[in-house]
Amino acid sequence: MIALCNSLVELVRRSSAELPDDVHQAVLQSLQNEKKGTIAEAALQIIDRNIALAKKKSQPICQDTGSIIFYVECPVNFDQPAFVQAACMAVREATKKGFLRQNSVDSLTGINDGTTVGLGSPSIHFHQHQQENIEVRLILKGGGCENVGAQYSLPNEKLKANRDLDGCRKVILDAVLQAQGKGCGPGILGVCIGGDRASGYEFSKQQFLRNMQDRNPIAELDQLEQDIVATANRLGIGPMGFGGNTTLLGAKICAANRLPASFFVSISYMCWAYRRQGVTLDQKGQIETWLY
Amino acid sequence: MIHLTTPITEEKIRALKVGDAVEISGILFTGRDVVHKFLHEGGVLPAEVNLRDGIIYHCGPVVMKDDAGQWKVTAAGPTTSIREEPYQSQIINDFGLRGVIGKGGMGDRTLEACKKSGCVYLHAIGGAAQVLAECITEVKSVHFLTEFGSPEAIWELRVKNFPAVVTMDSHGQSLHRDVFATSSAELAKYL
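Just so you know, the sequences run in chain order A and B. Under this note's numbering, the first residue of the first sequence is numbered 1, with each subsequent residue one higher. Under this note's numbering, the first residue of the second sequence is numbered 1001, with each subsequent residue one higher.
Where hints are given, some of them may not hold.
Said to hold, decoys possible - Derived contacts from chain A toward chain B, CB cut-off under 8 Å, selection only:
| id | residue |
| --- | --- |
| 1 | 46 |
| 2 | 50 |
| 3 | 57 |
| 4 | 61 |
| 5 | 62 |
| 6 | 64 |
| 7 | 102 |
| 8 | 158 |
| 9 | 231 |
| 10 | 233 |
| 11 | 235 |
| 12 | 240 |
| 13 | 254 |
| 14 | 256 |
Stated by the list, open to error - Now the stretches of chain A that chain B is said to cover, found in silico as 3 or more residues with beta-carbon under 8 Å:
| id | stretch |
| --- | --- |
| 15 | 107-119 |
| 16 | 268-280 |
Since the hints were made in silico from the structure, they are not lab data. We put the CB at the ideal spot given by N, CA and C, even for glycine.
This is chain A alone, in the form it adopts within the complex:
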């Protein structure tokens, strides 16, 4: 339990302070693409400095250390309640150490007890597999970008969006337009076509586990991903909504089955401070390898 807790504290620390390489590469590329001497370029320069400084000081990239979302791949006989207990201990400890902000508020009383632990925090998703290894992935997602997420029900008459891929494209681009710079762009979209109101958002967030540079194996979705990024980057919203060439760093889209009556498109927006890490653990709970 102690070893597992320590491993999870280290996972939280690294997630909070160090941007994954694939995301950093995308940020650097966007810096190259901005016009010299613009406020968009200056914003990305500060962002790049911030990424280096957070890593060096081992302090949060962003003060909003976000929703804490664990994804656990585990063997069939895995002790899930023990993991939940260790994860809660790790979150308390990471908050004491300043890797996490005191970030969880009782919605009825408004009280922030300073532990960052409560119903829904952290959020832990278990998935059993027929293997012995344990993989733990973590996403920290800030509130600013969470607030600009959107869920559309098709058809949408106002946007002339029908129940087809073109309709999906229209609502996804509308979400980018409505978000402007409020979600700390340049952003990354996770999208689920289909599902219900809960699973749609859930699947959309799971897209953030993918590597920035990967390509969707489903041809139609791959094409839609490329098209969304290219089109969004022609809109001129730019970093922070200052105007400029990079509005999105990426878009990751999946499709889930739906009821005949429902056609949801659920869009989660991730800020440039896209904090995602993962580890494999040995039987004692010690970190073996890093996944990103």
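With the hints as your guide, set chain B onto chain A.
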């Protein structure tokens, strides 16, 4: 680069235009969702929190106590400002604010209050919590820490060369309104 030092005169604010890069030195008071609602509902500020000719910073920092028991801000980027749109204009007018720092921009009512009272919206870089925390040289005081919790408390911060961009000025100009209009028109071409 334009330097602003608090307290700031109306003349200095009126000279600023959308797109100007500034560096701020002096005192910032953090205030976000709970503080804005509290003030809107008639809540009274402690005497030490003097917002006149000053700046409010939409920020919920990470603040730690060091070994000597002193507060130290370890992460302090801006939070999304639009949530304060229902309250901001009243607070600008009532308290005589000269600047609001945040991210993402604000709406027409805030823009109108900036014009009327002589105030600007200063956009800091969202997510740049370390670069901005380095500009904070001292935590002078904290108010409502127990009642509101650390991220929502009013932190009085001394800053040096805190970077921001004027995105809404006191002449009715807003970069956010303009970018929304041009990006909407652009999107219409691709649908």
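Agreement of hint residue 62 (chain A) with chain B interface, Cβ distance less than 8 Å
Residue 62 (chain A) check passes; min Cβ-Cβ to chain B is 4 Å, inside 8 Å.
With 8 Å as the cut and Cβ atoms as the points, is residue 57 (chain A) at the interface with chain B?
Holds, because the Cβ-Cβ distance from residue 57 (chain A) to chain B comes to roughly 6 Å (cut-off 8 Å).
Given residue 235 (chain A) as an interface hint, is its Cβ closer than 8 Å to any Cβ of chain B?
holds, 4 Å
Classify the hint on residue 102 (chain A) as holds or violated, based on whether any CB of chain B lies nearer than 8 Å to its CB.
holds, 5 Å
Coverage assertion for the stretch 107-119 of chain A with respect to chain B, Cβ distance below 8 Å, three residues required:
Satisfied; 4 residues make the cut.
Using Cβ atoms only, decide whether residue 158 (chain A) comes closer than 8 Å to chain B, and label the hint accordingly.
violated, 12 Å
Interface hint check: residue 46 (chain A), Cβ to nearest Cβ on chain B, cutoff 8 Å. Holds or violated?
Holds: closest Cβ of chain B sits about 5 Å from residue 46 (chain A), inside 8 Å.
Per the CB criterion, is residue 233 (chain A) less than 8 Å away from chain B?
For residue 233 (chain A), the interface hint is violated, since the closest Cβ of chain B sits about 11 Å away, which is over 8 Å.
Can you verify the interface hint for residue 256 (chain A): is its Cβ closer than 8 Å to any Cβ in chain B?
violated, 25 Å
Under 8 Å is the threshold here; is the Cβ of residue 61 (chain A) close enough to any Cβ of chain B for the hint to stand?
Holds, about 6 Å.
Next item in the hint list is residue 50 (chain A). Is there a CB on chain B closer than 8 Å to its CB?
holds, 4 Å
Using a Cβ cutoff of 8 Å, are there at least 3 residues of the stretch 268-280 of chain A near chain B, or does the coverage claim fail?
holds (count 3)
Hint compliance for this structure: hints 8, 10, 13 and 14 are not met, and every other hint is.
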